[in-house]
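Could you put the whole structure together from the sequences, leaning on the hints where they help?
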Amino acid sequence: MKHYLYKLFLFSVVIAISIGFVFSRADGHFDPFYKRFTSAKQSSLILGSSRVAQGLMPSVFDKTFGNKTFYNYGFTYNTCPFGPTYLKSIKSKFDTHSKNDMFIIAVDPWVISSDGINPNDSLQFDESESFLGKITSVNCNPNLSYLIKGYSDMYVKMLYNKSPYFLHDDGWLEVTVDLTTEQHQKMIDKTVKDYIKKCDTYKYSKVRLDYLKKTILYLKQYGTVYLVRLPVGTEMIAIENQLIPDFDAKIYELSQATSINYINLFKDTTKYDYIDGHHLTKESSLLISKKVANFIQNIEENNRLQNENQ
Amino acid sequence: MLFNSLEFAIFLPIVFLLYWFVVSKKIKYQNVLILVSSYFFYGWWNWKFLFLIVFSSLLDFYLAKAISKTDSNQQRKLYLSLSIVANIGLLGVFKYYDFFIESFSEAFSFFGQTIQPQQLHLILPIGISFYTFQTLSYTIDVYNKKLKATNDAVAFFCFVSFFPQLVAGPIERASNLLPQFFKKRIFDYDKAVDGSRQMLWGFFKKVVIADNCAHYVSIIFNDAHEFSGSTLLLGAVLFAFQIYGDFSGYSDIAIGTAKLFGFEFKQNFAFPYFSQNIAEFWRRWHISLTTWFRDYIYIPLGGSRVSKAKAFRNIFIVFMVSGLWHGANWTFIAWAILHFLYYIPTLFFKKNKRYLNQISKNPMLANVKAKFNMLTTFVIVTFAWIFFRATSIKDAFAYIDGIFSRTMFSLPEFRSEEKLWIILFFIVFQMLIEWKGRFHNHALEHFGLQFPKYVRYGFYYALVMAIFLFGSQQEAFIYFQF
Chain E
1 MKHYLYKLFL FSVVIAISIG FVFSRADGHF DPFYKRFTSA KQSSLILGSS
51 RVAQGLMPSV FDKTFGNKTF YNYGFTYNTC PFGPTYLKSI KSKFDTHSKN
101 DMFIIAVDPW VISSDGINPN DSLQFDESES FLGKITSVNC NPNLSYLIKG
151 YSDMYVKMLY NKSPYFLHDD GWLEVTVDLT TEQHQKMIDK TVKDYIKKCD
201 TYKYSKVRLD YLKKTILYLK QYGTVYLVRL PVGTEMIAIE NQLIPDFDAK
251 IYELSQATSI NYINLFKDTT KYDYIDGHHL TKESSLLISK KVANFIQNIE
301 ENNRLQNENQ
Chain D
1 MLFNSLEFAI FLPIVFLLYW FVVSKKIKYQ NVLILVSSYF FYGWWNWKFL
51 FLIVFSSLLD FYLAKAISKT DSNQQRKLYL SLSIVANIGL LGVFKYYDFF
101 IESFSEAFSF FGQTIQPQQL HLILPIGISF YTFQTLSYTI DVYNKKLKAT
151 NDAVAFFCFV SFFPQLVAGP IERASNLLPQ FFKKRIFDYD KAVDGSRQML
201 WGFFKKVVIA DNCAHYVSII FNDAHEFSGS TLLLGAVLFA FQIYGDFSGY
251 SDIAIGTAKL FGFEFKQNFA FPYFSQNIAE FWRRWHISLT TWFRDYIYIP
301 LGGSRVSKAK AFRNIFIVFM VSGLWHGANW TFIAWAILHF LYYIPTLFFK
351 KNKRYLNQIS KNPMLANVKA KFNMLTTFVI VTFAWIFFRA TSIKDAFAYI
401 DGIFSRTMFS LPEFRSEEKL WIILFFIVFQ MLIEWKGRFH NHALEHFGLQ
451 FPKYVRYGFY YALVMAIFLF GSQQEAFIYF QF
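Note that the protein sequences, when read in sequence, are chains E and D. At position 124 of the first sequence the residue is numbered 124 (our numbering), and the sequence of numbers has no breaks. At position 251 of the second sequence the residue is numbered 251 (our numbering), and the sequence of numbers has no breaks.
Since the hints were derived computationally from the structure, they do not count as laboratory data. One should not assume that every hint holds.
[Said to hold, decoys possible] Below, a list of computed lysine to any residue pairs in the SDA-like style, where the Cα atoms sit at most 20 Å apart:
| # | chain 1 | residue 1 | chain 2 | residue 2 |
| --- | --- | --- | --- | --- |
| 1 | D | LYS25 | D | ARG185 |
| 2 | E | LYS197 | D | ASP395 |
| 3 | E | LYS157 | D | ALA466 |
| 4 | E | LYS2 | D | VAL22 |
| 5 | E | LYS41 | E | LEU144 |
| 6 | D | LYS453 | E | LYS197 |
Structure follows, in structure tokens:
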């Protein structure tokens, strides 16, 4: 028995060291989410789906609002639609000791929709089974909880840097793709096809909209909240309008009810370039980040002047 | 609790250490620990269904005792009938009620009548088909006087719920497993090492082969109409390896785990994809279930020692029951009918007993005829798997229709994905290792024993790292649903 345990122990130690070595290679290249769970608690947050994860660069906002440090905590529309899972995760990531923060929440029809028979049954929200629902901690380095429970691809990817994306320390997901015109069109066609299919099963969820409101109200306790709708490629406009035809009216109503600003850039479609029809290219991300930052700066400036006049 | 989970990685060492260091002095203590651990293992999924296992165990424990106590044939029959009705009844309610009621309703609508029967929508208790058959075999064996009824309730409850094989088999016979709970277990180094090797190979098949195949199989089967014929063909082949890796992997882990505790289970998979005809395939695939059907259904019906027509009928009944056992869906019935059709020629030409206990005696390569036989058997088995995997008969036919389209000879989609090539590489690797170990109880039983220790340990290290590096996301075992 002792002989068996001794051998097993030695073997396990070698395996543990090897696994530790592989895990130590986890960086911004190996996975588009991991590093968001290894950073400390954050103050000013940029929230939303993958469009915002790639589209809004915290560094641009840092420059514009010198006294604030922004952090991009956006994921994908199927892991972080507004609901109990994302709200819980935001609360875990947010540093409640900070004050006068700023929060930018990007919205689109997908993040307030659900698939399944009843889009308002929060017990059936799929994201609770995603990494965001599974992991127990979002602020530790290394984050074994994510590496073991959350990561779903092969670990061998940690050993080579071949991915087209890089997750920056501030949470911005940089995607570098070099596509020919034909490949680019193929990618757009595929995305459009996928989303048309999704449109058949996804439905507007009142419960998700309520959770968006809860998220806003929670964050409002700690600073100013802005709602933003980013533009998408022309091919995607019709699909989103079909999913929730009165989306803008709903969000506008919500912004009124919660007394926050809604910056709608949805119609700026042609001013930007997209990788696959709805994710902005690096260059366009920079442009739109500046635009959103300027918008907010203007609003803040107007508010300040108004307050001074009063 | 899944074998391929962090929870099991913590659970197993704790139970193992308690078993050999804390309660090793008395068999009874060891059995109590096994029982508690087994219920904990099962309850981790849903503790409410523990009551079903306890009920089944209690029922058969007392009915078997009642059978052995009386000499009255009428009473013995009554007790046996009670056991069969109760066990099959539970299985029927939880597994088949909705299926039969829905089929009944569809049959009515076919004749222009509409009825809307109440469905139960019950959750299927994991492993119910396995432990029901296991406990049922005990009562039948006691009735047939092949076995004496035990008075040791703890040992019997352990036999029904022993955690390595509780949820997905192998379906152990009381005559093999129950006596092991009465014997003193002494730690056997060689057995533990062999068990560890078998577990390692099981994990490799499950995590590297089955779970990775599952990724493509799901994509292809879920949207079959969108893919070319060659891709659909690829999907079917990948499913053949997925289900084999998944189920035989589970069996290897279960048998290996049992060895760590000093128990011996019967072999459940004997390299079925090296079979040279369908009869041989069924002697090598899910052996514990096949032999269960043989002993408790086929032979009582007369087996093959009856007229040819009756022999065909007996085989047909066994395949139908096997199809239904796998699930409450017409696709499983279609799968079973296909296998019955495959079986007919072997029975008709009396070739069903060919290739007993042999897979190409040539140590390295099989001869051309053997290779051809293996390939054709694999092809027809894979074809039948399409029905097994499809969600409906209509989908299965659409899938087959898609395969035999003009795009059958095009290059399959996903060919540029390195993940697919990794899977294909590991499938070839798996088949080579299994071919090498085909004369043994499991692929690694004697694998590489002739090499120096450092080479063997290097190989085990490579396997563990392959499981870690190339393993896919945690997937439940397919056979849990049965």
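Evaluated hints:
Between LYS25 (chain D) and ARG185 (chain D) the CA atoms are separated by roughly 10 Å; this keeps the pair inside 20 Å, and the hint holds. Under the criterion of a C-alpha separation no larger than 20 Å, the hint pairing LYS197 (chain E) with ASP395 (chain D) is consistent with the structure, at around 19 Å. Under the criterion of a C-alpha separation no larger than 20 Å, the hint pairing LYS157 (chain E) with ALA466 (chain D) is consistent with the structure, at around 13 Å. At roughly 15 Å between alpha-carbon atoms, LYS2 (chain E) and VAL22 (chain D) fall within 20 Å of each other, so this suggested pair holds.
For a cut-off of 20 Å, the pair hint linking LYS41 (chain E) to LEU144 (chain E) stands: about 17 Å separates their Cα positions. Straight-line distance between C-alpha atoms of LYS453 (chain D) and LYS197 (chain E) comes to about 55 Å, which puts the hinted pair past the 20 Å bound.
In the structure shown, a violation is registered for the earlier hint numbered 6 alone.
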